[in-house]
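Just so you know, the protein sequences line up as chains A and B, in that order.
For the first sequence, my numbering assigns the number 927 to the initial residue and increments by one for each residue that follows.
For the second sequence, my numbering assigns the number 6 to the initial residue and increments by one for each residue that follows.
Be aware that a few hints might be false.
Unchecked claim - SDA-like, lysine to any residue: derived pairs with alpha carbons at most 25 Å apart:
1) K33(B) / A984(A)
2) K31(B) / K1010(A)
3) K159(B) / R996(A)
4) K31(B) / R18(B)
5) K182(B) / P977(A)
6) K182(B) / A44(B)
7) K33(B) / P946(A)
8) K159(B) / D21(B)
9) K159(B) / L936(A)
10) K159(B) / A984(A)
11) K159(B) / W972(A)
12) K33(B) / W972(A)
13) K31(B) / P977(A)
14) K159(B) / N64(B)
15) K1010(A) / A45(B)
16) K159(B) / T171(B)
17) K33(B) / H930(A)
18) K31(B) / E63(B)
19) K159(B) / P189(B)
20) K33(B) / K1010(A)
21) K182(B) / E943(A)
22) K33(B) / A181(B)
23) K159(B) / A188(B)
24) K182(B) / S168(B)
25) K1010(A) / N170(B)
To be clear, the hints were calculated from the coordinates, so they are not data collected in a lab.
Listed below are the residues making up each chain.
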Amino acid sequence: MNPHELERLLLLEQSGELAPAQRRALDAELAASADACRLRDQLRAWTAAIPPPAAGPAPDAAARIVERLRPPRSAAWIFRPVWKPALAAAAAMALFLGVRAFRPAPVAAPIETAAVATAAAVEEWTDPLDAEFTELENLLLAISTDDSLNVTEL
Amino acid sequence: MECDDAQLLAAYRDGDAEALGRLVEKYKRPLFAFLSRFAANPGEADEWFQETWVRAIENMNFFRQRHLIGWLFRIAHNLAVDAVRRRKPDCSLDAPQPASGEPLAERIPAAMLAPDAEVAGRDLGQHIAAAAARLPAEQREVFWLRMDAGLPFKDIARIQRCSVNTALGRMQYALAKLRAELAPAYRELQGNAP
């Protein structure tokens, strides 16, 4: 194990963040290397040697903090950033529905297309009928005007 | 029985000011220690200490109250970073001075120890604290969050908004610099040890 990796594991050991596999690797290294033990001792010595700051906060610090925050706000403040996104989502949904409600009916174009198609079909359908009806009408007219043809006799 | 942070916050929310006082007391030592490493004097550290709590409570939410110490140090980090930026020197320690021609850093006593501390010296902790004050801000912050406040690297990474590996790397850079700077004092201390 290189010294950089060893120091990393020792730091994680000190902070209590070693994974089980790292723990095993570090234990093996410490058992095999005197240098590894020296490095661990040095880190421990440094941590133990650091003096706490001489001064602490003012004795009335807590009272002054409470005074600056007075009065405590209502229970709603603690959840404030939670309801904000919900409100934003509701507003977005209302806007979306509003836009949808005012959109022109999407069936207009198909109706126009269908009308054109039907007109073409009617034109195509009625043309031969018109001719036959006209022929039939002329025949009936001829029959009705021709005295030589007596229907009752026929 | 020690009350949970969330319980104390709830009690404060319900009007119990004493509950906030207990919370302040609970985190007083690590938080003030961290702030005092960056403040110019104890008065400024005290001012930041109060400001940290006021901002923390005013901007508290359901998720943050579950990890109060991380949230407190996040605010303390912001205060420290702002202060370090404001105090940014307008001259480089490494640039040669017009009068003498030597870098300003050469004129600063070794590890910035006060004369009386130098005389009383031989105190590894004081040497470390003084040398750490010369580390770059990010490395200094990781060093003190770990050594002073005792935070795990996972929380330090969250406070600095970086990965755990980056936080570990910063700590290792800090240790390498301190080791180089403190080598003579450390050897001397080991030599004097019984």
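Each hint tested on the structure:
About 10 Å separates the Cα atoms of K33(B) and A984(A), which keeps this hinted pair within 25 Å; it holds. Restraint check: the Cα-Cα separation between K31(B) and K1010(A) comes to about 31 Å, which exceeds 25 Å; the hinted pair is violated. Between the alpha carbons of K159(B) and R996(A) the distance comes to roughly 34 Å, so the proposed pair goes past 25 Å and is violated. Simply put, K31(B) and R18(B) have alpha-carbon atoms about 18 Å apart, close enough for the 25 Å limit, and the pair holds.
With a CA separation close to 19 Å, the supplied pair K182(B) and P977(A) stays within the 25 Å bound. Pair hint K182(B) plus A44(B) holds up; C-alpha atoms about 22 Å apart against a cutoff of 25 Å. Taking the CA atoms of K33(B) and P946(A), the gap is about 33 Å. The hint is violated against a cut of 25 Å. For a cut-off of 25 Å, the pair hint linking K159(B) to D21(B) is broken: about 33 Å separates their Cα positions.
Among the hinted pairs, K159(B) with L936(A) is consistent with the structure: their alpha-carbon atoms are about 15 Å apart, no more than 25 Å. Proximity of K159(B) to A984(A) is assessed by CA-CA distance (about 31 Å); at most 25 Å being required, the pair is judged violated. A distance of roughly 21 Å separates the Cα atoms of K159(B) and W972(A); the hinted pair therefore holds under the 25 Å criterion. In summary, the hint linking K33(B) to W972(A) is supported, as the alpha carbons are separated by about 23 Å, within the 25 Å threshold.
About 20 Å separates the Cα atoms of K31(B) and P977(A), which keeps this hinted pair within 25 Å; it holds. Taken as a hint, the K159(B) and N64(B) pair is honoured in the structure, with Cα atoms around 22 Å apart against an allowance of 25 Å. Between K1010(A) and A45(B), the direct Cα distance comes to roughly 39 Å. Violation of the 25 Å bound is thereby established for this hinted pair. Restraint check: the Cα-Cα separation between K159(B) and T171(B) comes to about 11 Å, which is no more than 25 Å; the hinted pair holds.
A threshold of 25 Å between alpha carbons decides the hint, and for K33(B) with H930(A) the separation of about 34 Å lies outside it, so the pair is violated. Of the supplied pair hints, the one linking K31(B) and E63(B) holds, its CA atoms being roughly 19 Å apart against a limit of 25 Å. The hinted pair formed by K159(B) and P189(B) fails the criterion: a straight-line CA distance of about 33 Å is larger than 25 Å. With a C-alpha separation of about 32 Å, the suggested pairing of K33(B) with K1010(A) is violated against the 25 Å cut-off.
About 24 Å separates the Cα atoms of K182(B) and E943(A), which keeps this hinted pair within 25 Å; it holds. The straight-line distance between the Cα atoms of K33(B) and A181(B) is roughly 30 Å, outside the 25 Å bound, and the hint therefore fails. The hinted pair formed by K159(B) and A188(B) fails the criterion: a straight-line CA distance of about 29 Å is larger than 25 Å. Taking the CA atoms of K182(B) and S168(B), the gap is near 21 Å; set against the 25 Å cutoff, the hint holds.
With a C-alpha separation of about 34 Å, the suggested pairing of K1010(A) with N170(B) is violated against the 25 Å cut-off.
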